[in-house]
Structure formats: C-alpha cells, structure tokens
Amino acid sequence: MQIATWNVNSVKARLTNVTDWLREASPDVVCLQEIKTVDADFPRDAIEDLGYNVETHGQKTYNGVALLSKFPIEETVRGLPGGEDDDQARYIECVISHDSGPVRVASIYLPNGNPAPGPKYDYKLAWMRRLKRHAAELLAYEERLILAGDYNIIPRDSDVHDPAVWAGDALILPQSRAAFREILNLGFTDAFLQADGKGHQYTFWDYQRGAWQKDHGIRIDHLLLSPQAADTLKSVEICKPVRGKEKASDHVPVVGTFDF
DNA sequence: ATGGTCGCGTAGCGA
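Here the first sequence is numbered in the working numbering, starting from 3 and rising by one per residue.
Keep in mind that the hints are not guaranteed to be accurate.
Mimicking EDC-like on lysine to aspartate or glutamate, the simulated pairs with C-alpha atoms at most 16 Å apart in a straight line are [claimed, not checked]:
(1) K14 <-> D159
(2) K14 <-> D47
(3) K247 <-> D208
(4) K72 <-> E50
(5) K242 <-> D252
(6) K14 <-> D41
(7) K200 <-> D159
(8) K236 <-> D261
(9) K72 <-> D30
(10) K14 <-> D252
(11) K247 <-> D198
Keep in mind that the hints were calculated from the coordinates and are not lab data.
Keep in mind it's a predicted model, so treat the numbers as computed, not measured.
Let's have the full structure, built from the sequences with the hints guiding it.
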C-alpha cells in the first residue's frame, strides 16, 4: 500500500501535472492540499477515470483538501473537529477499507501562520491545539492511522537550506516546533525520519528568488504515523523531480510505502 | 536595498 501527500497549489491549474503523476506513480491513496476550488468544480471525472474514489472538502479561492483512494472509502469527516466557528477548509479524514483491515487517513493543510506574531499566528497555534486534541482521540482507537499533509512546520534545522534565512518565520519559530512536537509526542512517528533519519531532503521550493534552481528548499510536508501504521512502514520517497516539471506546484509529493 | 513568483480573479491577498 502506498499513501501519498501533495500540496498541489490549485488542482485546476495543476490538473495535467496531477493526472500525469497519478498515472506514473499510481499510489493507492493520495492526500491533496490547497485544491483552491469548491467541491462542485473539483475535476472529479478526470481523477475517477484513473481508478480513484474521490472525497473533497473544498473552498472558494483558498485552502481546500481532498482524499483519493483506489480502495473503498467507508466514512468521511469534513473539517477538523472542535472548530464550529472555523470556516477554512483544511482537514478531511477518511476510513479506507483494505483486505487486511481498515486504515484511517487524514489530509491536513495546517495554517501558514505568517506574519508572526499576529492573528494569523494565533490561528495557527490554536489550530494545532485542536489537531492535537483530535489526534489524541484517534490514537486511542489503536488502529492504523496516517495524518498526512502540509504541516507548514520545519521540524529540524537540517530540514531547511539555511535556518538563519527563516529565523522568525512562523514555519520555524520555537513555539511552532514545540506545538508540532507535542502532537508527535502523543505517540506518532514522522515517517521520513523513521525511513531516512540521517537524510535531509526538501518538499517545498518557493517560486521566488530562484529557490528551486539554488536548491533552497524546506521540508514541511509530513506523514505522521500511529504505532500500528509505523510498524508496517517500508520506505518513504520524496518525489523531487516533480518540482522540475512545466507548471509545477511549489510542493512535491511525499509517498509512504507500507507492508499491507 | 530592492525586487523576484505564482494562483485566484481581475485588485490585492495569501503563500
């Protein structure tokens, strides 16, 4: 089983890139972020034609997440629980049925939080507290659980080309890292670190300042695994060549391969 | 020191 996450930065502007990659890589489950469209305008047919079931939680202009699965989707939760006054579409969770049993997968688009300090940073931290609360509830099921997405968090200094350039940014501030660690320390494993702990690879290169050409990237797209999922992880691939394609997203897919 | 780039939607915001 291969489970991927990819911030596509508009699924409509990126449709050719997305369908090309789905055909090439053929992952079983894909978590998309920043689809930037309402559900009714999601290019559902083009993706269903490639053999995927599709669940979306869209929004006009900004944000929006989706989950694609070659296996049946049993149940779907739209929106991160505990945010009745939160109108930003940043979370969708599905239970996927597999011969070996169910796996619960969430597609997460964690708030960017810049500029920090400020209301956007407060929103980021509050959202992370809500995610922690919900993640703790899901972990209690003691099932295979994968929280995958654009976390907008640079976990280690080795996950950025130059930490000094990013000092003060909401993606690297100590408070942001601490909030991310609190979630991890509930009992999750960062799939990339388990599979490739000494490595440093990036998942995002800004469109500006020639970041891609200079390899000035950051690692902010993560797969967080429950113990039951981590036990079956075989490898993680960060699909760097995708960033070099025509009309590329600023993020590349991250794919976890599991032994079930 | 400043500006550089995308996408959305058609001005300016978000990243």
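A quick look at each hint next to the structure:
A hinted pair counts as satisfied when its Cα atoms are at most 16 Å apart, and K14 with D159 does not qualify at roughly 34 Å. The suggested pairing of K14 with D47 holds, with an alpha-carbon distance near 12 Å, which does not exceed 16 Å. The suggested pairing of K247 with D208 holds, with an alpha-carbon distance near 14 Å, which does not exceed 16 Å. Restraint check for K72 and E50: the C-alpha separation of about 9 Å stays at or below 16 Å, so the hint holds.
At most 16 Å may separate the alpha-carbon atoms for a hinted pair to count; K242 and D252 meet this at roughly 11 Å. Using a Cα cut-off of 16 Å, the hinted pair K14 and D41 holds, with the two alpha carbons roughly 12 Å apart. For the hint linking K200 to D159, the alpha-carbon distance of about 12 Å falls within 16 Å, and the restraint holds. Distance restraint check for K236 and D261: the Cα-Cα separation of roughly 6 Å lies within the 16 Å cut-off, and the hinted pair is therefore satisfied.
With a C-alpha separation of about 5 Å, the suggested pair K72 and D30 falls inside the 16 Å cut-off, and the hint holds. Between K14 and D252 the alpha-carbon distance is near 15 Å, which keeps this suggested pair within the 16 Å criterion. For the hint pairing K247 with D198, the CA-to-CA distance comes to about 25 Å; that exceeds 16 Å, so the pair is violated.
Going down the numbered hints, you'll see the structure goes against 1 and 11, while the others check out.
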